[in-house]
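Undergrad: Sequence:
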Amino acid sequence: QELLAAIRERGQDSPILVRPHPELPGRFQTVFGHRRVKVARQLGRPVRAVVKKMGDEDHVIAQGQENAARANLSFIERTLFADRILKRGHTPDTVKSALALDDTTFSKMRSVTSNIPEPVIVAIGAAKTVGRDRWWQLAKLMEHPDSAGRAADYVASPEFATSGSDARFARLFDFMSAPAKRAPAASKTQEKAWAPHDRSVRAKITDTGKVFTLALKAKEASPFGAFITDRLDELFEAFRQSETAKKTGD
Numbered sequence: 151q152e153l154l155a156a157i158r159e160r161g162q163d164s165p166i167l168v169r170p171h172p173e174l175p176g177r178f179q180t181v182f183g184h185r186r187v188k189v190a191r192q193l194g195r196p197v198r199a200v201v202k203k204m205g206d207e208d209h210v211i212a213q214g215q216e217n218a219a220r221a222n223l224s225f226i227e228r229t230l231f232a233d234r235i236l237k238r239g240h241t242p243d244t245v246k247s248a249l250a251l252d253d254t255t256f257s258k259m260r261s262v263t264s265n266i267p268e269p270v271i272v273a274i275g276a277a278k279t280v281g282r283d284r285w286w287q288l289a290k291l292m293e294h295p296d297s298a299g300r301a302a303d304y305v306a307s308p309e310f311a312t313s314g315s316d317a318r319f320a321r322l323f324d325f326m327s328a329p330a331k332r333a334p335a336a337s338k339t340q341e342k343a344w345a346p347h348d349r350s351v352r353a354k355i356t357d358t359g360k361v362f363t364l365a366l367k368a369k370e371a372s373p374f375g376a377f378i379t380d381r382l383d384e385l386f387e388a389f390r391q392s393e394t395a396k397k398t399g400d
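Read left to right, the sequence shown gives residues 151 to 400 (my numbering).
Careful, some of the hints might be misleading.
[As the list claims (entries may be wrong)] Below, a list of computed lysine-lysine pairs in the DSS-like style, where the Cα atoms sit at most 30 angstroms apart: (1) K338 - K367; (2) K258 - K290; (3) K188 - K246; (4) K258 - K278; (5) K278 - K246; (6) K338 - K246; (7) K203 - K237; (8) K188 - K278; (9) K237 - K290; (10) K397 - K338; (11) K237 - K278; (12) K360 - K397; (13) K397 - K369; (14) K397 - K342; (15) K237 - K202; (16) K354 - K338; (17) K202 - K188; (18) K369 - K354; (19) K290 - K278; (20) K246 - K202; (21) K258 - K237.
[To be verified] Using C-beta positions, here's what the derived DEER-type ranges look like: (22) L153 - H294: 44 to 50 angstroms; (23) A365 - D316: 55 to 61 angstroms; (24) R160 - D253: 40 to 46 angstroms; (25) A250 - L153: 24 to 30 angstroms; (26) H294 - P269: 17 to 23 angstroms; (27) Q287 - E152: 33 to 39 angstroms; (28) H294 - Q391: 49 to 55 angstroms; (29) A156 - A302: 41 to 47 angstroms; (30) S327 - K354: 41 to 47 angstroms; (31) L236 - D357: 57 to 63 angstroms; (32) E341 - R390: 23 to 29 angstroms; (33) S392 - A368: 26 to 32 angstroms; (34) R349 - A306: 55 to 61 angstroms.
FYI, nobody ran anything at the bench for these hints, they're computed from the structure.
Note that the Cβ used here is the ideal one computed from N, Cα and C, for glycine as well.
Model the full structure from these sequences, guided by the hints.
TA: This is the structure in structure tokens:
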């Protein structure tokens, strides 16, 4: 609004920089001065411009320098800008020149965009106070294949959007730092029941794989249990013979 008021009152103080369009003869691409072009269109005024021949690489570098000078971009805003330049087919060297990046910062930017889905980054926002190393640490937390889905579900929750951008980053960081809740292992316990025709005794059999329990109920439970107990030696011997027969095929 300030720029619009200034141009309305004083006119355009300085020209924008454009280059001849590489594919459309007679057309131009804005290099510097995108905001001034937008305001001039709103006011219905022509734009003063300087025309300079410029290759694609120089164009990208100039745009990066304009963005850096125009606003105090956060690390993640610069990271997204770098990622979009790369996706347009420009080289890492062009990106580093455009944003004045050293190799370490560029490497950490690539780690961030590789491990954190862009919709998750957009949901967090500019996070102005969050620097390179914290974003890189979050990227390391999200190296596991399941992490992207967990993060996407978390940032989609209604309460997540109620916080400020820096707080949203902190909340996601804490969430991803906590151990993922594991689904409870399927129970291996098997239960069976047995009773004779007259129902004079009932047996409940529980087998966990390591513990086998036979519980008897009803009026004949005690004498029947004593009967089994007295014959454990011969029952076990019969079991051993049965197992041996299975192995030998007899």
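Undergrad: Are the hints correct? Go through all of them and say.
TA: Comparing the hints with the structure gives:
1. K338 - K367: holds, 24 angstroms
2. K258 - K290: Given pair K258, K290 holds - Cα atoms ~10 angstroms apart, limit 30 angstroms.
3. K188 - K246: Roughly 28 angstroms separates the two Cα atoms, so the pair holds.
4. K258 - K278: Since the Cα atoms of K258 and K278 sit roughly 17 angstroms apart, the hinted pair holds (cutoff 30 angstroms).
5. K278 - K246: It holds: about 21 angstroms lies between the C-alpha atoms, which stays within 30 angstroms.
6. K338 - K246: violated, 57 angstroms
7. K203 - K237: With Cα atoms ~24 angstroms apart, K203 and K237 stay inside 30 angstroms; holds.
8. K188 - K278: Judged against 30 angstroms, a Cα distance of about 25 angstroms means the pair holds.
9. K237 - K290: At roughly 22 angstroms apart (the allowed maximum being 30 angstroms), K290 and K237 satisfy the hint.
10. K397 - K338: Holds: K397 and K338 sit about 25 angstroms apart, inside 30 angstroms.
11. K237 - K278: Status holds; Cα separation ~24 angstroms.
12. K360 - K397: Between K360 and K397 the Cα gap is close to 22 angstroms, so the pair holds against 30 angstroms.
13. K397 - K369: Violated. K397 to K369 sits at ~40 angstroms, over the 30 angstroms cutoff.
14. K397 - K342: holds, 26 angstroms
15. K237 - K202: holds, 25 angstroms
16. K354 - K338: With Cα atoms ~17 angstroms apart, K354 and K338 stay inside 30 angstroms; holds.
17. K202 - K188: The hint holds at about 20 angstroms.
18. K369 - K354: holds, 15 angstroms
19. K290 - K278: This hinted pair holds, its Cα atoms lying about 20 angstroms apart.
20. K246 - K202: holds, 23 angstroms
21. K258 - K237: Holds - the C-alpha atoms of K237 and K258 are around 17 angstroms apart, at most 30 angstroms.
22. L153 - H294: 44 to 50 angstroms: The hinted range 44 to 50 angstroms holds for L153 and H294, with Cβ atoms some 46 angstroms apart.
23. A365 - D316: 55 to 61 angstroms: holds, 60 angstroms
24. R160 - D253: 40 to 46 angstroms: Roughly 44 angstroms apart at Cβ, these two residues keep to the hinted range, so it holds.
25. A250 - L153: 24 to 30 angstroms: holds, 25 angstroms
26. H294 - P269: 17 to 23 angstroms: holds, 18 angstroms
27. Q287 - E152: 33 to 39 angstroms: holds, 37 angstroms
28. H294 - Q391: 49 to 55 angstroms: holds, 52 angstroms
29. A156 - A302: 41 to 47 angstroms: Given about 42 angstroms between the Cβ atoms, the range holds.
30. S327 - K354: 41 to 47 angstroms: With a Cβ separation near 45 angstroms, S327 and K354 satisfy 41 to 47 angstroms, so the hint holds.
31. L236 - D357: 57 to 63 angstroms: Cβ of L236 to Cβ of D357: about 59 angstroms, so the range 57 to 63 angstroms holds.
32. E341 - R390: 23 to 29 angstroms: holds, 26 angstroms
33. S392 - A368: 26 to 32 angstroms: With Cβ atoms ~29 angstroms apart, the hint holds.
34. R349 - A306: 55 to 61 angstroms: Holds - the Cβ-Cβ distance for R349 and A306, about 57 angstroms, lies within 55 to 61 angstroms.
The earlier numbered hints that this structure contradicts are 6, 13.
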